[in-house]
Structures are given as structure tokens and as C-alpha cells.
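Visitor: Make the full structure from the sequences, and use the hints.
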Amino acid sequence: MKRAVALEFRKMRRLRVVPIVLVLIVAVAALSSASLFSGSTRETFDDPTAAPWAALLLTYTFMAAMTSPILAAVLASRQTDIENTGSGWTLASTAGYTPGKLCRAKLAALAVILLPAVALQTLLVIGAGLLASITVPLNVAPWIGYTVGLLLVDIAFCALHIWLAAKVENQLISVGIGMLGAFIGVFALLMPDWLTRLIPWGYFAMISQVSTSGRDVVYATPAYGWIAGFLIIVGIAFTLATRRLDRIER
Amino acid sequence: MSAVITTSNLTKTFKGHTAVDSLDLNVPQGVVYGFLGPNGSGKSTTMKMILGLTQPTSGDITVFGEPLTRASRSALLPSIGSMIEAPPGYGHLTGAENMRIVQHMLDLSDAQITQALSTVRLTEHRDKLVRNYSLGMKQRLGIAMALARDPALLVLDEPTNGLDPAGIEEIRELLVQLAQRGITVMVSSHLLDEIDKMADVLGILSSGKMLFQGTRDALFQHSVPDLIITTPDANAALRHGVTGVPIPEGIRISGVDKDQAAGIVHTLAIAGVPIYEVRRVQQRLEDVFMDLTGRGGLL
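Sequence lines, in order, name chains A and B.
Under my numbering, the residues of the first sequence are numbered 1 to 250, in order.
Under my numbering, the residues of the second sequence are numbered 1001 to 1299, in order.
Just so you know, these hints were derived from the structure itself, not from any lab.
Careful, some of the hints might be misleading.
[Claimed, not checked] Simulated pairs of lysine-lysine, BS3-like, Cα-Cα distance not exceeding 30 angstroms: (1) B:1258 x B:1197; (2) A:2 x A:167; (3) A:101 x A:2; (4) B:1015 x A:167; (5) B:1015 x B:1209; (6) B:1258 x A:2; (7) A:167 x A:101; (8) B:1258 x A:101; (9) B:1197 x B:1209.
[To be verified] If you only want the chain B side, here are some residues facing chain A, beta carbon under 7 angstroms, derived: (10) 1076; (11) 1077; (12) 1275.
[What the hints assert, rightly or not] Partial list, derived from the structure: chain A residues whose beta carbon lies under 8 angstroms from chain B: (13) 10; (14) 18; (15) 86; (16) 87; (17) 244.
These numbers come from a predicted model, not from an experiment.
The C-beta atom is built at its ideal place from N, Cα and C for all residues, glycine as well.
Guide: Shown next, in the form of C-alpha cells:
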């Protein structure tokens, strides 16, 4: 498996994976911190009751829910479509690497890219808050919790899009579903909890560590049980689906 | 000559359609085995089954004397180079980078990669992006990928597809050279002319069934060429019970073997019909093939 993952990094050359990721995380950080520079927001920076860090985390959650499904779709599609266009499935199969193994290696490789990317994205947003002079002490735990949750949900969606890109050669389908997911992801933050839990993209909202209470933004504990259940289901589904890919005769 | 590939009653059915029907294949060692058949005759499916990419519906395959199973496949694959359907190659990478991917997939040495690129004469183009390669260069890269592992068996599905005559000749020469080095080459084509010039042994497939398997000479023996009797008096010959077709130079008789030919000549000579010449029609492989396939194949 280690060798298969290393091969995926070799294939990434010239796919512009790192620039795409960088552009998106910088865009998310910029959009998340845009509100920091409005006059009314600046007045809350030294008011602990106004919870300026929680407000910033809420904006970040919105922006990440809007962009992460697209990021996952684009990365997975680019990394998988090269096998469709380059007869890579057959080449790998004749070397003992089954399509399912290839998909699992792609997921592992993308997870390795996403780990520092999501961490950097969070750090950029926090950095923007510090630069804007939020003087209220930062409560680190919700930020760490959200970052870990976002990484795991991003990986789950990469799994979905890798499988989709392998099954359906037309990549417009995979990327189109990613864009649709971006809309659903944002609106999921406004949906009732019971509905959010039932929609896969709703989990970009489910991992939120903040919520609104009237006009206030407050820290909240996500439904970890549901999130864990979602991740386990995706993990099992991806394992089964990629094993099934091994039996598909191309 | 020992067989590198044998199949017994190999059958593949897709949703009620039989793509390969009870195929008994025998590919001897160290030859170029030409696998001929019209498009859709089951060549690619057979090759995929031999490589373990497709599971047979029934029947057995042995490669290098070993039964091909899911368990034995991984041990056999390092000795089999292949190119099935489209030539492989990641377009966004250079030829050399593609070869390095194969190198790391199979744990090959630098020397093996260099040698494979040199064999297909792609060394000077190795730093070009594959998407900028011509079709011929892509085919050669695909063959280099298949050759890099120093295979004992090379399975190539229509490697000259889409190539110009010079490219076809180049691939043909390469495959003959590889066979001379002891590599068994199984090569498919729907173009008879391509195979005719390089194959030692032919397998002819039509609608999933093997119509003929053997050497070129055996194939010619399989089909008896027409007999031409040159005579100025064709009508006299026909009156004496000879079943043939009048042609400007005399008569043309189909389906007669050596003894029957001798009998006809004897009858005509006794009857006093002047015979200037008796000869067989010069047969082309294409004619033999057409006879075999009932002219159903587009070749």
C-alpha cells in the first residue's frame, strides 16, 4: 500500500494539486476574515461576552462548508480521471495493482495533502483574527475540534468523489455533484438538525463547534456520535465499493 | 515446442452474448503468434482473460504451465508484458516519468527502463509530455512499458492500430526481433496483411470461435486452391464430365485434390482435349482466410 501511495504522489506531478489547494485555502481564509474589518465587528474584539472568536469560527464554518465539497470533488476528480484517460486502470492491473487498491491509495495520498492544508487554513483564519487585533483570549479547543472534523469530513467526501470519478468517466458529474454539495453544505447550517443528519453534505454543518442563540454566537458541542457514525458508514461503503471495483471487468 | 499459453474450452459470456466460445488456444514458446479476427470476434476478451483482467465464464487457462487463478496471477504477472486496447500513458507526464511509474510499480532497475526505451527507440523523446506524442510514439511507449519488466511473454492487442505504414513496419520488425530474443509474442490484429508478415503461428477467430490454428503453411494446406486447365477447347472439356467454370484461358475447377486433379487430366487426355497447361491458382493468405470465414470477416 505504501508503494501505491508513493506512486500517487508521482502521478500528481503537473496536476497542480498543491496550487489548487493553496488557492482554495487562501480564498476560504480571506472570505472568513473579511468581516473582521467592518466597524461593528471591530467593536467586539475586546468584549468577551460578544465572543469574537466564536463569531469568526462561525464565518469560517460557513465558508468551509461552501468550498470544501468543491475542493474534495476537484482533487478527487483530477487524481482519478488520469486513470480513465491514460488507460491507467489496465496498466496498474497488469502490475498487480487492482482498481480498488488504486482508489484506496488515491484517498490516502489526498488525505496526506489535506492534513496540512486544512491545518494551514485554520491557522490563516486565526492569524487573520490576531492581525485584526482580537484581544479576547482564544479558546483553542473548538478550533482544533472543528479543524479535525473538517479534515475527516473532507476525506470522506474525497472517498465519495474518487469512487464516483472511477465509476463515471464524465468528470462533469463528479464536479457537478461537488458544486451541488457546496450549496447544500451552506444551507445545512440553517436546516433543522434532524434534516442535517440525513444529508451527507449536512456533516459540514454537523461538525460546527458554534451555533447561534438569538443574536449571539455561542460555542456548542457537535453531535459526535452522528459524526462518528457518518464517518464509519463512509469508511465501510468506500471499502466495499472499492472491492467491488476490483471485480468490474473493463 | 512447449506451449507458453494454453486454453481449454475457454468461454466468456456477457449478458447472454457469447464473446468467446470454447476456445482451445496453444501458443508455442518463442514465436510470434498472430491472433487474427474481425473486430468484435473476441480477441481482446481472450487476451484479457489470459492476463487475468477478465474472469472466464468457463474453461481453463495455463500460462507457463501454471493454471491461471486469482492466487497464481500475481506470481505470473511479472513475466508477462502486455498492452491491451489503448496504449497506456499519463498524458500530463513525460515518457520518462511514465516509465518511472512502471519502474516503481514493478521494482525495476534503471537499466531495465533505459533498455526498454532504447528498444522502442523512444530515448530521445523521453522528456516530452505524452499528450504531445504522436499515436505511434504512444504505441511505442506502451510497448516499452510492457517490455520494461523483461517479460518472457508479451501480449499485445492491436499494437499497430492507427499507425501509418512506416510505423506498422517498425512495430513489426520490433516484434520479430523480440521473438528472435526468445520472447513469446502474442499479437492480435484485424488486419491480415500486418500479421501475415510477422507471425510464425496463426490463430484465426471469428464470432468467438477458433477457425484455424497453426502455421502459415498448414493454413494454406487447409484450403485447396482452384485448378486451372489451360485449353483452347473448354467446351470439349466440360462435355467430358469435368465440373468447372469456363474462363478465357480454359476452365477453372474448384475443390479438387491431387488425385482428383490427376483423374481429370487423364480423362481429358484420353478424350483428346488439348491441354496446354495445368496449374493451381496462386493463393493469397487473404483468400484462404476468406474461405475460412465464409467471407464474413472484414479484414
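Visitor: Could you tell me which of the numbered hints above are not met by this structure, giving the numbers in increasing order?
Guide: 6, 8, 10, 12, 14, 17
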